[in-house]
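Make the full structure from the sequences, and use the hints.
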Amino acid sequence: MSDKIICRCEEVLLSEIVEAMKTGAQTEKELKLKTRAGMGICQGRTCRPLLEQIISFYTNKKIPQASNLTFSIPVRPLSLSALAHTGKDYKNEN
Amino acid sequence: MKYDLVVIGAGPAGMSAAIKAASHGATVAIVDENPAAGGKLLGQLYKEPKTGWWIGREVAKSLEEKVKRLGIDYFPENEVWAIFPQWKVLLNHGEELHTDYILLATGAAEKAIPVPGWTIPGVMSIGAAQVLNNFHRVNPGKRIAIIGIDALSLTVANELKLSGAQVIGIYLPPPDDFLDRISNPQQMIAYLSSLADAAPNHFLKFAGKVTQNEFIQKVSAAFYPYRGMKIWGIPLFLRKSILEIEGDKQAEQIKIAKISRDGLPEMESVKTIQVDCVCISGGLYPLSELASAAGCEFAYINELGGHIPLHSQEMETTQTGIFVAGNITGIEGAKIAMAQGELAGTVVSDRLGLLKSGTAIIKKAQARVEKARENALIKFQPDIEKGRELAVQFWDERT
Chain A
1 MSDKIICRCE EVLLSEIVEA MKTGAQTEKE LKLKTRAGMG ICQGRTCRPL
51 LEQIISFYTN KKIPQASNLT FSIPVRPLSL SALAHTGKDY KNEN
Chain B
1 MKYDLVVIGA GPAGMSAAIK AASHGATVAI VDENPAAGGK LLGQLYKEPK
51 TGWWIGREVA KSLEEKVKRL GIDYFPENEV WAIFPQWKVL LNHGEELHTD
101 YILLATGAAE KAIPVPGWTI PGVMSIGAAQ VLNNFHRVNP GKRIAIIGID
151 ALSLTVANEL KLSGAQVIGI YLPPPDDFLD RISNPQQMIA YLSSLADAAP
201 NHFLKFAGKV TQNEFIQKVS AAFYPYRGMK IWGIPLFLRK SILEIEGDKQ
251 AEQIKIAKIS RDGLPEMESV KTIQVDCVCI SGGLYPLSEL ASAAGCEFAY
301 INELGGHIPL HSQEMETTQT GIFVAGNITG IEGAKIAMAQ GELAGTVVSD
351 RLGLLKSGTA IIKKAQARVE KARENALIKF QPDIEKGREL AVQFWDERT
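Sequences listed follow chains A and B, in order.
With full-length UniProt numbering applied, the first sequence corresponds to residues 1 to 94, in that order.
With full-length UniProt numbering applied, the second sequence corresponds to residues 1 to 399, in that order.
Among the clues, some could well be false.
To be verified - Simulated coverage check for chain A against chain B, where a stretch passes if three residues somewhere in it have a Cβ under 8 Å from a Cβ of chain B:
#1 32-39
#2 64-78
Claimed, not checked - Not everything, but these chain A residues come out facing chain B in the computed CB check (under 10 Å):
#3 3
#4 4
#5 5
#6 11
#7 14
#8 22
#9 43
#10 82
#11 83
Hint data in this document are derived by calculation from the structure and do not stem from the laboratory.
Ideal Cβ placement from N, Cα and C applies to all residues, glycine included.
This is how it looks when you write it as structure tokens:
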């Protein structure tokens with residue numbers, strides 16, 4: 001069967017994820033560090049549930065109660081200008 | 001700016017909570033990243049057997065009018081990018097909202113089903129197709145194939161057809177090791193029959209009834225016809241799967257194959273069919289990134305759609321002052337989300353000292369959530385009750 005993209009932001013293929021698992025990655029965090037899956041602009045909003053399912057399937061373990069992938073701020077893409085304006089009245093300057 | 005309550009998400013849960021708290025005298029702000037208030041309500045359009053048409057857009061409009069009338073500060077097209085203790089809500093256009101109470105009503109996001117070619121333009125989630133079609137009144141395509149058979153995909157298929165698009169079929173996802181539940185014909189048939197009694201519209205009801213048919217029940221997936229069954233002119237294929245989407249700059253064709261009873265594709269049966277749009281329906285999961293970033297504790301409950309922030313019967317998370325309502329607590333319908341929002345708004349009003357007999361009023365609000373659950377016509381998750389029990393159990397074990 002054809003390969004497929006799992007993380008569309010970073011264009012990580014299923015075969016790359018399975019390969020990373022064969023060479024030792026066992027958690028979402030390890031997969032992310034190894035393949036960049038979940039590190040793109042959507043910050044894993046699309047592929048995170050897939051990664052959880054894939055790991056659970058291949059390691060034969062339940063999906064953990066608390067994800068070992070942390071969510072960090074900013075939780076949405078933020079432009080540098082917005083960041084620089086934090087705390088000021090941005091609207092009035094436009 | 002300082003508020004009594006900051007609500008994140010202007011969907012049915014968030015707006016209901018804001019209205020409740022503001023009507024008791026709280027100063028409230030609502031933030032939403034979308035240009036229009038309403039959240040998932042905006043795409044909803046169906047006829048209910050007892051109460052008639054449910055027009056989500058109208059419901060959203062009436063909630064928004066109440067929000068305005070009560071003087072609630074509404075920040076549309078603003079993304080919350082951080083919550084700092086105790087509590088400061090930061091928006092991407094620079095505003096800083098200070099508050100003692102936050103309600104996270106961020107709803108749900110769609111689960112993807114990875115199919116070779118699923119990133120080609122013209123391929124979209126079923127929710128995107130629903131909003132394009134029902135809210136913006138634009139057909140997402142002329143010849144549409146749908147991947148994934150569930151309450152939402154059946155409903156949207158019907159809506160697409162009503163608006164003049166040709167839905168060439170609703171198919172199983174490609175068989176996949178780690179996606180076996182949704183691409184297995186037998187489990188799909190069991191799921192569909194469970195929808196029959198609870199279906200909100202005639203189309204769904206009919207789909208459920210087809211699979212409740214005694215003949216199909218008896219022989220299960222083994223004899224479900226490969227050619228599918230037409231439900232209101234839309235072929236429903238419980239034994240055919242889309243293996244691949246192809247196209248150069250735009251989705252042009254799909255490869256489909258017959259699926260054996262055990263869920264394996266029969267490669268000699270592969271056929272190519274022309275399409276210009278493919279919609280993927282993989283279900284929803286609670287969108288809880290802010291709760292996680294704010295340090296709330298979580299549980300994974302598959303029956304509720306994924307990871308949910310642990311919360312009390314008063315909708316408070318493990319972080320004092322941060323509340324949750326709506327689909328962030330598990331995938332359910334809009335009426336339940338509204339009741340949960342009203343409950344959270346009531347509890348916050350009580351904490352603010354705005355209610356005289358708070359305990360009794362909160363009890364009533366909790367009862368209304370239960371009532372909304374009993375009356376729910378559609379269950380998006382097959383074992384939602386079990387999921388709810390687990391959520392309560394996890395909370396009790398913790399405290």
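For each hint, the structure was consulted:
1. 32-39: Coverage by chain B is violated for the segment 32-39 of chain A (0 residues, Cβ < 8 Å).
2. 64-78: holds (count 12)
3. 3: holds (7 Å)
4. 4: Given a least distance of 5 Å, the restraint on residue 4 of chain A holds.
5. 5: holds (6 Å)
6. 11: holds (8 Å)
7. 14: Status holds, d = 7 Å.
8. 22: violated (14 Å)
9. 43: holds (8 Å)
10. 82: holds (5 Å)
11. 83: The hint holds - residue 83 of chain A has a Cβ within 10 Å of chain B, the shortest such distance being about 9 Å.
Taken one by one, the earlier hints fail for this structure at numbers 1 and 8, listed in ascending order.
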